[in-house]
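Enquirer: Sequence:
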Amino acid sequence: PASTPQDFASSGLFWRGAAERDEGFLHRFFRGLAMEPPVYGFVSDARGLAVGAMATWSLVDCLEGPPLNCHGGCIASLLDDVCCALSSEHTRSAGEASVAMSLAKQRVDYKARTPLA
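This note's numbering numbers the first residue of the sequence shown as -12 and each following residue consecutively.
Bear in mind the hints are in silico, worked out from the structure with no lab data behind them.
Computed from a prediction, not measured in an experiment: that's the story for all the values here.
C-beta: ideal position from N, C-alpha, C; glycine also.
One should not assume that every hint holds.
What the hints assert, rightly or not - Here are the in silico distance ranges between beta carbons for each label pair:
| no. | residue 1 | residue 2 | range |
| --- | --- | --- | --- |
| 1 | R18 | T101 | 17 to 27 Å |
| 2 | R18 | Y97 | 19 to 29 Å |
| 3 | R18 | L66 | 11 to 21 Å |
Could you build all of it, start to finish, from the sequences and the hints given here?
Expert: Set out below in structure tokens:
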């Protein structure tokens, strides 16, 4: 398994920390809740274009919906954020200027609750 940034790069996975990302409304809001900044991982194809993404977020108690679980609206916002981050990173990896992104439509079908801890 990859364990260093170099390992991730050689496997087509690369990371962007908070200092390397544009800070939008969601990031400022969550920072105000004393959440840790997110870390994004992107998968690139053979051409070096970002084609997949994942993110880690630290969920805090004030985001609670059902007892001990994250609120569904928060989950949808986090999914929106990672989709827009992928779109922005794909544009950047293609050598184009990154611009602010937003989803036009999103549907989330919840299969299970997301625990806060």
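Enquirer: Each hint: holds or not?
Expert: Against the structure, the hints:
{"no.": "1", "hint": "R18 with T101: 17 to 27 Å", "result": "holds (20 Å)"}
{"no.": "2", "hint": "R18 with Y97: 19 to 29 Å", "result": "holds (26 Å)"}
{"no.": "3", "hint": "R18 with L66: 11 to 21 Å", "result": "holds (19 Å)"}
Every hint, counting from the list given before, is met by this structure.
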